[in-house]
Amino acid sequence: MLSPSPISFSVVPIFCSGQRVSYSEFTHKTQSLTSYLRSVTGLSKGDTAFILSQNLVQVPILYFLLLSLGVVISPANPISTDSDISWLVRLCNPVIAFATSSTAHKLPTFQFKTILLDSPEFDSMTISPAQKLDRVEVSQSDLAAIMYSSGTTGKVKGATLTHQNLMAVVAVSCANRMRRESPDMLLYTDVEGEPDLGVPGECDLGFEVVVAMATATAKRWVGEFVMGMGF
Numbered sequence: 000m001l002s003p004s005p006i007s008f009s010v011v012p013i014f015c016s017g018q019r020v021s022y023s024e025f026t027h028k029t030q031s032l033t034s035y036l037r038s039v040t041g042l043s044k045g046d047t048a049f050i051l052s053q054n055l056v057q058v059p060i061l062y063f064l065l066l067s068l069g070v071v072i073s074p075a076n077p078i079s080t081d082s083d084i085s086w087l088v089r090l091c092n093p094v095i096a097f098a099t100s101s102t103a104h105k106l107p108t109f110q111f112k113t114i115l116l117d118s119p120e121f122d123s124m125t126i127s128p129a130q131k132l133d134r135v136e137v138s139q140s141d142l143a144a145i146m147y148s149s150g151t152t153g154k155v156k157g158a159t160l161t162h163q164n165l166m167a168v169v170a171v172s173c174a175n176r177m178r179r180e181s182p183d184m185l186l187y188t189d190v191e192g193e194p195d196l197g198v199p200g201e202c203d204l205g206f207e208v209v210v211a212m213a214t215a216t217a218k219r220w221v222g223e224f225v226m227g228m229g230f
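The sequence shown begins at 0 in numbering that gives the first Met the number 0 and counts up one residue at a time.
Treat the hints with care, as some may be off.
Unchecked claim - With a cut-off of at most 16 Å between alpha-carbon atoms, the simulated EDC-like pairs for lysine to aspartate or glutamate come out as follows:
1) LYS156 x ASP46
2) LYS105 x ASP83
3) LYS112 x ASP46
4) LYS44 x ASP141
5) LYS105 x ASP81
6) LYS154 x ASP46
Said to hold, decoys possible - Here are the simulated distance ranges between beta carbons:
7) THR152 x SER118: 33 to 41 Å
8) VAL137 x SER23: 34 to 42 Å
9) ASP122 x LYS156: 32 to 40 Å
10) PRO128 x SER149: 40 to 48 Å
11) GLN139 x ASN92: 18 to 26 Å
12) THR108 x LYS131: 26 to 34 Å
13) ALA170 x PHE111: 28 to 36 Å
14) SER67 x SER149: 24 to 32 Å
No lab work stands behind these hints: they were computed from the structure.
Treat the numbers as computed from the prediction; the structure is a model and nothing was measured.
Cβ coordinates follow ideal geometry from the N, Cα and C atoms, glycine included.
Model the full assembly from the supplied sequences, consistent with the hints where possible.
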């Protein structure tokens, strides 16, 4: 059983490429984006969303709201070839995609279009007035994500994760966290390319999450950040 963690809304749960998002901003952006996706695109429980993006500060917000809507998340490595991406899309059959200006060209046309995470349009979605919407009931047995593995032979294969699987991961983090006066911090890097699904759960537990891209520049500022925080 996970116990609630006391959270200060002034705490910064996400730090990525020099950008910070406080809990109050995280909550507002999530609610605003949820309102937009449900009212404008018609995205609903059971739909699949394909995500083709490197680690960005927008991604944990996107993951959190999609999971809360019961939408199945299907993240892919942004450096995958066009043919690999086409195969993954066939496996998960998404109705919408979230990409960046550098990866969108690899994607086909979807029912609810492709939304660019690094666009002014996406930023406007996260600051629009949030509407009060009915809560979506999501159970532990519901599908949460479709991940991909090359396996041992043949083409890339899909593997499903339920909400119970994700809760188990978060529970392990909660059980192993060390109590300290300052907020707990976790560092994520996208060694394989796609953002980590554990980030939203860690935010919900009160962790401050540093999300880093595996580039030379990112490695430099992460090193400076870690040194500055006294790890």
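Each hint, compared with the structure:
For the hint linking LYS156 to ASP46, the alpha-carbon distance of about 20 Å lies beyond 16 Å, and the restraint is violated. With a CA separation close to 10 Å, the supplied pair LYS105 and ASP83 stays within the 16 Å bound. With a CA separation close to 13 Å, the supplied pair LYS112 and ASP46 stays within the 16 Å bound. Under the criterion of a C-alpha separation no larger than 16 Å, the hint pairing LYS44 with ASP141 is consistent with the structure, at around 10 Å.
At roughly 5 Å between alpha-carbon atoms, LYS105 and ASP81 fall within 16 Å of each other, so this suggested pair holds. Simply put, LYS154 and ASP46 have alpha-carbon atoms about 24 Å apart, too far for the 16 Å limit, and the pair is violated. The beta-carbon spacing between THR152 and SER118, approximately 39 Å, falls within the hinted interval of 33 to 41 Å. For VAL137 and SER23, the Cβ-Cβ distance of about 24 Å falls outside the hinted range of 34 to 42 Å, so the restraint is violated.
The hinted range of 32 to 40 Å is satisfied by ASP122 and LYS156, whose Cβ atoms lie roughly 36 Å apart. For the pair PRO128 and SER149, the beta carbons lie near 44 Å from each other, so the given range of 40 to 48 Å is met. The given range of 18 to 26 Å is respected by GLN139 and ASN92, whose C-beta atoms sit roughly 23 Å from each other. For the hinted restraint 26 to 34 Å between THR108 and LYS131, the CB-CB distance of approximately 32 Å keeps it satisfied.
At about 33 Å, the beta-carbon gap between ALA170 and PHE111 stays in the expected band of 28 to 36 Å. Checking the proposed 24 to 32 Å range against SER67 and SER149 shows it holds: the Cβ atoms sit about 31 Å from each other.
Consistency note: the structure conflicts with the earlier hints numbered 1, 6 and 8.
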